[in-house]
Amino acid sequence: MTRINRDIIAYLVIIGFCILMLTWGIPTYTPAYPGYGASPALVPIVSISVMLFMACLSMFRCCVAVFMNRPLPIEESKFPEELNEEGGFTQVGRVKLYHLVSIMIPCVLLVVAIEYIAYIFVSFVFLMIFQYVIGSRKWGQSIVVSVSLTAVLYIVMRYGFGVPVPGPQIF
Amino acid sequence: MEMIVAGLLDALSPISLLFVFVGVAIGVLIGAIPGINGPMAIALFIPVTYYMSPLTAIGFLVGLNKGAFFGGAVSAVLLRTPGTPEAAATSWDGYPLTQQGKGEKALRMALYSSVAGDFISTIVLIAIAAPLAAVALFMGPAEIFALISLALTVIAGIGTNSIGRGLMAAGLGIFVGLIGTEPVTALPRLTFDIYQLGSGLSLIPVAIGLLAFSEILLQLEKFTVKGGGEHIVHKFSSKLQDRMVSLKEFFANTKTLLRGSLIGIGVGAMPGLGAPVASFMSYDQAMKRSKKKEEFGKGTLEGIGASESANSAVVAASMIPLFVLGIPGNLAVAMLMGAFMIHGMQPGPLMFQENAQLMYGIYGSLVIASVFLLVIGRFGLRFFCKAVNIPAMILYPIVVFTCIMGSYLGKSDMFDVAVMLIFGFIGYFMRKFDYSYVAFLIGFILAPEWERALQQVVIISEHETFMFFQRPVAMGLMALALFVVVRTFWKSFKDGRQKQMEAATQE
Numbered sequence: 001m002t003r004i005n006r007d008i009i010a011y012l013v014i015i016g017f018c019i020l021m022l023t024w025g026i027p028t029y030t031p032a033y034p035g036y037g038a039s040p041a042l043v044p045i046v047s048i049s050v051m052l053f054m055a056c057l058s059m060f061r062c063c064v065a066v067f068m069n070r071p072l073p074i075e076e077s078k079f080p081e082e083l084n085e086e087g088g089f090t091q092v093g094r095v096k097l098y099h100l101v102s103i104m105i106p107c108v109l110l111v112v113a114i115e116y117i118a119y120i121f122v123s124f125v126f127l128m129i130f131q132y133v134i135g136s137r138k139w140g141q142s143i144v145v146s147v148s149l150t151a152v153l154y155i156v157m158r159y160g161f162g163v164p165v166p167g168p169q170i171f
Numbered sequence: 001m002e003m004i005v006a007g008l009l010d011a012l013s014p015i016s017l018l019f020v021f022v023g024v025a026i027g028v029l030i031g032a033i034p035g036i037n038g039p040m041a042i043a044l045f046i047p048v049t050y051y052m053s054p055l056t057a058i059g060f061l062v063g064l065n066k067g068a069f070f071g072g073a074v075s076a077v078l079l080r081t082p083g084t085p086e087a088a089a090t091s092w093d094g095y096p097l098t099q100q101g102k103g104e105k106a107l108r109m110a111l112y113s114s115v116a117g118d119f120i121s122t123i124v125l126i127a128i129a130a131p132l133a134a135v136a137l138f139m140g141p142a143e144i145f146a147l148i149s150l151a152l153t154v155i156a157g158i159g160t161n162s163i164g165r166g167l168m169a170a171g172l173g174i175f176v177g178l179i180g181t182e183p184v185t186a187l188p189r190l191t192f193d194i195y196q197l198g199s200g201l202s203l204i205p206v207a208i209g210l211l212a213f214s215e216i217l218l219q220l221e222k223f224t225v226k227g228g229g230e231h232i233v234h235k236f237s238s239k240l241q242d243r244m245v246s247l248k249e250f251f252a253n254t255k256t257l258l259r260g261s262l263i264g265i266g267v268g269a270m271p272g273l274g275a276p277v278a279s280f281m282s283y284d285q286a287m288k289r290s291k292k293k294e295e296f297g298k299g300t301l302e303g304i305g306a307s308e309s310a311n312s313a314v315v316a317a318s319m320i321p322l323f324v325l326g327i328p329g330n331l332a333v334a335m336l337m338g339a340f341m342i343h344g345m346q347p348g349p350l351m352f353q354e355n356a357q358l359m360y361g362i363y364g365s366l367v368i369a370s371v372f373l374l375v376i377g378r379f380g381l382r383f384f385c386k387a388v389n390i391p392a393m394i395l396y397p398i399v400v401f402t403c404i405m406g407s408y409l410g411k412s413d414m415f416d417v418a419v420m421l422i423f424g425f426i427g428y429f430m431r432k433f434d435y436s437y438v439a440f441l442i443g444f445i446l447a448p449e450w451e452r453a454l455q456q457v458v459i460i461s462e463h464e465t466f467m468f469f470q471r472p473v474a475m476g477l478m479a480l481a482l483f484v485v486v487r488t489f490w491k492s493f494k495d496g497r498q499k500q501m502e503a504a505t506q507e
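Chains as they are written, first to last, in our numbering: chain S, 1 to 171; chain Z, 1 to 507.
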């Protein structure tokens, strides 16, 4: 997928979100006007309208580039990796979905599992899986990192800040 | 006068001194690790400050920020991989010196320049913030509303190549910042029937997600997809002249350091510009005015001094708009603003009246942090150099788990961890698609204050219809905001057309 096509899809998503908020989200979840001051819906509507306007304008620009053959500046139409400009401070680039999902899944599972299983077990397992996902194959090092990190944060939270660790308490 | 003495004595209390010291040390250590910067460190450590007194907390975070700014120079000089954009100019002369075995000398020059820039900037902050705040006290809701509008338009251009995407990000930040209790009716708004949203989204999980977690997602992508490796650091020479910066060498660069500091102060005091602009501008000026222009880029102490004095001067100077107007000029200060709010204070001119003792305590902590930076940098330099080689396999799990537990710590609620993950996910896409997460965060932080000012303007206008139009400062600021938007669009349109023509010619 080219960068322009990807940007058009992003603008469409933003436009869809803005329309959803303007037609459903803001009217449904905003208190009624109390009769004085500005309406509680005013600032949300203004902020979403700015987004909608800018997204429409930007999409129009991309569409003109695609359909009327008016090329956009090269840094807006190509990915940095296509221009061999990697290594700078820009983080623009193609989304690595597999990588993203493989990192996010253990994190989401941790949030869900910690409600039911004690912190110490879940954290240890999470850290082991996480290290495996990012490529660590040194099991000894992984175990040491997982155990020490779980223990240090447990001690800091429980005895340093006096905050109970998440999930069922076993100690 | 009593307040000043009491504030300074508070800053000199053992617990305050200890946490400023720890803050600076952690800041330098974290800044030295490639990929971790000041704002990210502040976001990660704000939850820890819940359990501190306001002065200790702010002193700790200010120390952290100052330390991280210098720490960024360590990886820039040793590896030529600056962890932050502002350290890039330092690497241009720092790394060639490292290749010559003079890495320690380059780092010492970076340290002394950092401390000099930071110290001068802190003195300027102390000298001008309170008098300016006294003037700012005459500002009413109309001026505050206009000022925040101006700040939002200026800030929309940060961190993205497109003002359009910047405005979209700022708009989304404002929208998300409005979730919670509506100020006039005191009823829930935009909560989507999720009861945890009744009190709004906390800054901590949002900031940790956008700043730290999304950054780690991107770094892991580079690491796992392209493969990471150990950094190779050139060995330091053992000759004394290759390790130390003599007084003669340091004072030969006095003009450069002063110029760099002044540039840093000017840039830092203006919302939206930030340390990289100061650093590059100072380096450029130093090169143009130097008698030894040809040595720039090959390893000259003057280049390091220019860059480091300017970027460190930004740290204290960027607090001027925060203390005077209650507006964060950059991301690190936005995080500090969040910390102030968490500790029950609203940054702005009223702070000098309502929390005078605390403000002078913070001033004291700022000066003490500069001294600690010199001491810690001077004696711990070799230790901090080792930080650049912390294995990624150990570093990333620590950072990710700290993100998770840091988000939980604020309210002891896993809902905040879920919020952090969601904003980490959103932040990843914002970075990939070039939407400014900086504009988002600043919009998020300023939204409630902006709306409050607007409500006050509207309520007053119900009795005094043309109130807004009778306030010349407010009108001037609104006109300036409009000018900024129109000018930025016009410039972007002109540049875009020129580049389009170039692209068409190339095709």
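Check each hint, because a few of them may be wrong.
Claimed, not checked - BS3-like, lysine-lysine: derived pairs with alpha carbons at most 27 Å apart:
| id | chain 1 | residue 1 | chain 2 | residue 2 |
| --- | --- | --- | --- | --- |
| 1 | S | 78 | Z | 386 |
| 2 | S | 138 | Z | 494 |
| 3 | Z | 494 | S | 78 |
Stated by the list, open to error - Beta-carbon label-pair distances, calculated as ranges:
| id | chain 1 | residue 1 | chain 2 | residue 2 | range |
| --- | --- | --- | --- | --- | --- |
| 4 | S | 67 | Z | 486 | 25 to 31 Å |
| 5 | Z | 289 | S | 12 | 33 to 39 Å |
| 6 | Z | 196 | S | 68 | 43 to 49 Å |
| 7 | Z | 482 | S | 169 | 54 to 60 Å |
| 8 | Z | 482 | S | 63 | 50 to 56 Å |
| 9 | Z | 255 | S | 64 | 35 to 41 Å |
| 10 | S | 1 | Z | 293 | 35 to 41 Å |
| 11 | Z | 341 | S | 118 | 50 to 56 Å |
Hints are computed from structural coordinates only; laboratory data are not their basis.
Don't be surprised by glycine CBs; every beta carbon is placed ideally from N, CA and C.
Quick one: are residue 1(S) and residue 293(Z) within 35 to 41 Å, going by C-beta?
violated (46 Å)
Given the hinted pair residue 78(S) and residue 386(Z), is their Cα-Cα distance within 27 Å?
violated (38 Å)
Mind checking the hinted window 43 to 49 Å against the Cβ distance between residue 196(Z) and residue 68(S)?
holds (48 Å)
Per the hint of 35 to 41 Å, is the separation of the Cβ atoms of residue 255(Z) and residue 64(S) within bounds?
Given about 51 Å between the Cβ atoms, the range is violated.
Could you see if the CB distance from residue 289(Z) to residue 12(S) stays within 33 to 39 Å?
violated (51 Å)
Has the hinted range 25 to 31 Å been met by the Cβ atoms of residue 67(S) and residue 486(Z)?
For residue 67(S) and residue 486(Z) the Cβ distance comes to about 28 Å; the hint holds.
Within 50 to 56 Å or not, the Cβ separation of residue 341(Z) and residue 118(S)?
Violated, at about 34 Å.
Are the Cα positions of residue 138(S) and residue 494(Z) separated by 27 Å at most?
It is violated: about 55 Å lies between the C-alpha atoms, which goes past 27 Å.
Is 54 to 60 Å a correct range for the gap between the Cβ atoms of residue 482(Z) and residue 169(S)?
holds (57 Å)
With respect to the beta-carbon atoms only, verify the hint that residue 482(Z) and residue 63(S) lie 50 to 56 Å apart.
With a Cβ separation near 28 Å, residue 482(Z) and residue 63(S) fall outside 50 to 56 Å, so the hint is violated.
Agreement of residue 494(Z) and residue 78(S) with the hint, judged by alpha carbon distance not exceeding 27 Å
holds (20 Å)
Hints 1, 2, 5, 8, 9, 10, 11, counting from the list given before, are not met by this structure.
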